[in-house]
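**Student:** Please work from the sequences and hints to get the whole structure.
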Amino acid sequence: MSDLMKVSSNPHIRSKVTTANIMLAVVIALLPATGFGIYNFGLDALVLILVTVATTVLTELVYEVAMHKKVTIGDFSAVVTGLLLALNLPPAAPWWIGVIGGIFAILVVKMLFGGLGQNFMNPALGARCFLLISYTSIMCNFDCDTYSGATPLASLKAGESVNILDMVIGKTGGTIGETSMIAIVIGACFLILLGVIDLKVPGSYIVTFVIFLILFGGHGFDPAFISAHLAGGGLMLGAFFMATDYVTRPVTKMGQYVYGILLGILTGIFRIYGPSAEGVSYAIILGNLLVPLIEKVTMPRMFGKGGERA
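Using my numbering, read the sequence shown as starting at 240 and increasing by one per residue.
Wrong hints could be hidden among the right ones.
As the list claims (entries may be wrong) - Lysine-lysine pairs mimicking DSSO-like chemistry, simulated, CA-CA at most 27 angstroms apart:
1. Lys439 to Lys535
2. Lys492 to Lys535
3. Lys308 to Lys255
4. Lys255 to Lys492
5. Lys396 to Lys410
6. Lys396 to Lys255
7. Lys492 to Lys439
8. Lys396 to Lys309
To be verified - Pairwise CB distance ranges, derived in the manner of DEER restraints:
9. Lys410 to Lys535: 19 to 27 angstroms
10. Ile425 to Ile453: 25 to 33 angstroms
11. Asp437 to Leu270: 16 to 24 angstroms
Treat the hints as calculated values from the structure; they're not laboratory data. Ideal placement from N, C-alpha and C gives every residue a C-beta, glycine not left out.
**Tutor:** Structural data, given as structure tokens:
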């Protein structure tokens, strides 16, 4: 009987799903967008991806060895960070941009705040925003051997017509991993089927953004205008692969809906009223910073708490 009264520390129920399993699934889900990016932009894109991923992994390894911490590169989180960062870079960016961005993502955004699970913003997006501020001309230059001129979103913002089919397929300029809506959705469906992500955040994000476009986009309910905004830029990549980050999204169910709605509104504001044609990265970063407030408001009350006394 005494054995039955022993209580161990939590967690009492453990899942067989590990961080490494989840991160490996994300890497696999990103392969369609990665493969199409390499096909679309050529060898330069491949080199930039390899350099960026190698930098994030090596930075985490060197930091943990130097600080006498447990080496965690086997959980694939550094690979995911490097791959997401690379997919958010222009294909013609020099290789050292990937190095600087990879070091910033892992060292500053992730490791200096305690490592995986302690970072307050998505490391890949934090690094991209840092690069956008520090090397604006490089990060906004999408001219390459395959494409030249303005990106479809920039053309759309200027009032020009765009080829929506090319945007859906990915035969356009842009960052390495954002151009093919089909490839991104294939990877997202893979994660949804595995149960790694669900539609609470990306669904509320995309629906809110569409409603914002209808109300404030200046075109009313224009399917072509809405489709171009959904297929262009980093909306799909951000909604399914970065806004769903376990660490930087809310944990409460209601909080995830509020978070998605907030991202949709912020992205709409940045795209419609901002000077830039894009806005996904800054929207998600600002959303990350507001997650503690969202969780404070949406956290369910404990049973028996908060009621009036008799």
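**Student:** All hints, please: hold or fail.
**Tutor:** Hints, verified against the model:
With a CA separation close to 19 angstroms, the supplied pair Lys439 and Lys535 stays within the 27 angstroms bound. A distance of roughly 13 angstroms separates the Cα atoms of Lys492 and Lys535; the hinted pair therefore holds under the 27 angstroms criterion. Distance hint between Lys308 and Lys255 is fulfilled; the C-alpha atoms sit about 25 angstroms from each other, no more than 27 angstroms. With a CA separation close to 23 angstroms, the supplied pair Lys255 and Lys492 stays within the 27 angstroms bound.
A threshold of 27 angstroms between alpha carbons decides the hint, and for Lys396 with Lys410 the separation of about 19 angstroms falls inside it, so the pair holds. About 47 angstroms separates the Cα atoms of Lys396 and Lys255, which puts this hinted pair outside 27 angstroms; it is violated. Among the hinted pairs, Lys492 with Lys439 is consistent with the structure: their alpha-carbon atoms are about 8 angstroms apart, no more than 27 angstroms. Restraint check: the Cα-Cα separation between Lys396 and Lys309 comes to about 48 angstroms, which exceeds 27 angstroms; the hinted pair is violated.
Between Lys410 and Lys535 the C-beta distance comes to about 45 angstroms, which lies outside the given range of 19 to 27 angstroms. Distance hint check: the CB atoms of Ile425 and Ile453 are about 27 angstroms apart, consistent with the given range 25 to 33 angstroms. Restraint check, Asp437 to Leu270: a C-beta distance of roughly 21 angstroms satisfies the suggested window 16 to 24 angstroms.
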